[in-house]
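Residue 964 is where the sequence shown starts when you use our numbering, and the numbers rise one by one after that.
Don't take each hint at face value.
To be verified - In silico lysine to any residue, SDA-like type, Cα no more than 25 Å apart, as pairs:
(1) K1003 with K1029
(2) K1041 with A1021
(3) K1026 with L1057
Said to hold, decoys possible - Simulated restraints, written as ranges between beta carbons of each label pair:
(4) K967 with R1002: 41 to 49 Å
(5) A984 with E1051: 35 to 43 Å
(6) T1006 with K967: 44 to 52 Å
Treat the hints as calculated values from the structure; they're not laboratory data.
Backbone N, C-alpha and C define an ideal beta-carbon position, used for all residues, glycine too.
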Amino acid sequence: GKGKPLNLDSGDVFTSILKNANVLPDWLQLQQEIREQIRKLLTSLPDNSDNKWDREIAEINIKIKKYNTIVPAAILQKRQVARDTIQEQYQQWL
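Put together the whole structure using the sequences plus the hints.
Below is the structure:
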């Protein structure tokens, strides 16, 4: 053959289009939001009152429920976070 070889992506055409447009699927965007929200909560740990801490955890868990419904495979689902284990659970989101 003549010329350069074609660079054909294998896999889903939709994923390829999103990748070329620098767009993340909703579940990956939500994953990043959850990760960042947990990180912020952990870094502001001493400043949070109990009520604010509980509200933040509840908000994170709502996002985790949504995340679990939109991930493409059940193996990617995550457990909800709890006050006493949030630091260990944060490692799941890295």
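Each hint tested on the structure:
The hinted pair formed by K1003 and K1029 meets the criterion: a straight-line CA distance of about 20 Å does not exceed 25 Å. The suggested pairing of K1041 with A1021 holds, with an alpha-carbon distance near 15 Å, which does not exceed 25 Å. At most 25 Å may separate the alpha-carbon atoms for a hinted pair to count; K1026 and L1057 meet this at roughly 16 Å. Here the CB-CB span from K967 to R1002 is close to 43 Å, well matched to the stated 41 to 49 Å.
Range check, A984 to E1051: about 36 Å between beta-carbon atoms, so the 35 to 43 Å window is met. Between T1006 and K967 the Cβ separation comes to about 48 Å, which falls inside the hinted range of 44 to 52 Å.
Of the numbered hints given earlier, the model fails none.
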